[in-house]
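A.B. asks: Chain by chain, the residues:
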Amino acid sequence: MSSFLLSLITFSAITVIGVVSIFPLTGLTGLFSFGQAAYMAIGAYVAGICAVQLNMTVIPCILIGVLTAGLVSIIIGIPTLKLRTDYFALISMCLGEAITAILRKFSTVTGGAGGLSNIPNYVGTTAIVISAIVIIAIVACFKNSSFGRMSLAIKNDELAAKSFGINVYSHKLKVYLFTSMIAGYCGGLYAFYIRFIDPSMFGWTKSSEWVIFLFFGGINSLTGSVISAILLSVLPEFLRFATEARIVMYSILILLVINFRPQGLLGEYELSLESIKKLFHKSKKLQGGGNNGTT
Amino acid sequence: MALLKVNGISKKFGGVQAVSTFSMEVEKGKVVAIIGPNGAGKTTIFNLISKVYTSDTGSIILDGVDITRMSQTDAARQGIGRTFQNIRLFSTLSVLDNVKVACDYKAKCSMVEAIFKAPRSFKSEKAITQEALRNLEIVGMADLANEKPGNLPYGLQRRLEIARALAMNPKVLMLDEPAAGLNPEECFGLVDFLKDMLVKFDTALLIIEHRMDVVMNIGDKIYVQDFGKNIAVGTPAEIQSNPAVLVAYLGEE
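Keeping their order, the protein sequence lines are chains P and V.
Position one of the first sequence corresponds to residue 1 (the numbering used here), numbered consecutively onward.
Position one of the second sequence corresponds to residue 296 (the numbering used here), numbered consecutively onward.
To be clear, the hints were calculated from the coordinates, so they are not data collected in a lab.
Taking lysine-lysine pairs in the BS3-like style, the calculated list, with each CA pair at most 30 Å apart, reads:
#1 V:Lys421 <-> P:Lys174
#2 P:Lys174 <-> V:Lys401
#3 V:Lys443 <-> V:Lys466
#4 V:Lys443 <-> P:Lys277
#5 V:Lys466 <-> V:Lys421
#6 V:Lys307 <-> P:Lys82
#7 V:Lys325 <-> V:Lys466
#8 V:Lys466 <-> V:Lys323
#9 V:Lys418 <-> V:Lys466
#10 V:Lys323 <-> V:Lys401
#11 V:Lys418 <-> V:Lys403
#12 V:Lys443 <-> P:Lys278
#13 V:Lys490 <-> V:Lys516
#14 P:Lys277 <-> V:Lys421
#15 V:Lys412 <-> P:Lys278
#16 V:Lys418 <-> V:Lys401
#17 V:Lys323 <-> V:Lys495
#18 V:Lys421 <-> V:Lys401
#19 V:Lys325 <-> V:Lys524
#20 P:Lys278 <-> V:Lys418
#21 V:Lys495 <-> V:Lys403
#22 P:Lys174 <-> P:Lys82
#23 V:Lys412 <-> P:Lys174
#24 V:Lys412 <-> P:Lys277
#25 P:Lys278 <-> V:Lys421
#26 V:Lys524 <-> V:Lys300
#27 V:Lys325 <-> V:Lys516
#28 P:Lys82 <-> V:Lys403
#29 V:Lys466 <-> V:Lys401
#30 P:Lys174 <-> V:Lys443
#31 V:Lys401 <-> P:Lys82
#32 V:Lys418 <-> P:Lys277
#33 V:Lys418 <-> V:Lys443
#34 P:Lys174 <-> V:Lys403
#35 V:Lys418 <-> P:Lys174
Just so it is clear, the structure is predicted and the values come from calculations on it, not from any experiment.
Chain P with its partners taken away, still in its complex shape:
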């Protein structure tokens, strides 16, 4: 495989992990986070610094990165998740900017705006693709569990959710922790793959990109999120011939989908063994109907 194709696959897989990391939070629980890339930054930087400065091996590096992202999410989540969801969205955006500002400021440790370089190349395409698949499976398990149901109930109607014994605040905190740790893991993989990171990679454009991808694919559909993450990270590469116009074409495509399919590309459709079976039965039934018509 050409190195271009390999890197395309890898970056798509990283985007998939990123988009899937906000799916339980924004898609299921209805909390908009415009600062999820901050946790990716934390994961990436902590893992990178551990490797560069402390010469640690890959697994402890990523693990410490994930745990740090989780810890920060708890510190941020405890006061902010009590707020109404729109205020939470605002604060999450501030968080994204604050983290990048901190990374720029503490240049002795982080390399500042110049970025952190010489990170060892610990992970390759295979590890990242496998990680993406495992994380999709984990999030799918979450969605189908009682926790996924409670998330949807909270998104639909918080007051009603409370009157069915759901502890809304602690549930939101758990989901926030869960999604932040996935984003942190995503950051760790990213750092060890591209070997150079700088704060501008994790700004709010990255976070909002993930939210847009999520909406594009269908807010309630994990399958949709994965497909749209792959599609929208591959598409710009195929529009390269149009150089300047490709961003315009890309935006128009997203606007068209959001305008004509507000529920997203796949809506609530979820790919599973059952849905494939159903599809098969439907086509069979249609054929059967045709036969009956002729006799």
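Given chain P, work out where chain V should sit, using these hints.
C.D. replies: The following block gives chain V in isolation, referenced to the frame of chain P:
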């Protein structure tokens, strides 16, 4: 000893005294109805008992447990089940999942077990599904399990809300205008249905209702509210002949 004992609760919204020192007792297996003209504070009483609001005064004792200062979530876990005046079903969940949500807080597995599909998560999921299906069967909606609530006719949506509240096995089930928007035929069905549920779920029923045919048919005891104040308590027959109630509803001669 009464199952639910409400002792002088009140609530003030700005300058409006929505409820003033309201007391009531609800016994197991009995139906208590709250009636009164619009704006009499009936729904506020419901919101106070289910802890959506905290009362300014008084106490609420459920089965010997003081729930006056509890959060809404904890009150629900103690055994307060309720429906809402405007239907509040979880629209993106299927009928079955709506009922399952009501059992989810009892789930005996942590989130870590759930996301890694540990054996305990299968077990708890299976138990919840069975319980929800059994509940749907009892209310006669098992065949609609995979529908979305939005596709159901109005009467069935109301019934689903009741089924969802019953799935929590509440000690007291509170229904806020269960007959609103139902046609006369559905109304008869509702009365029979509620009487049936009362026996099957071994609970007490507290209802707010405007339809007098329903209230008089099903109520064991009726509280009449007007402008936040309690003006009468009694059996349906007593209420029908109570002069204060007639004044509140029909005006003075």
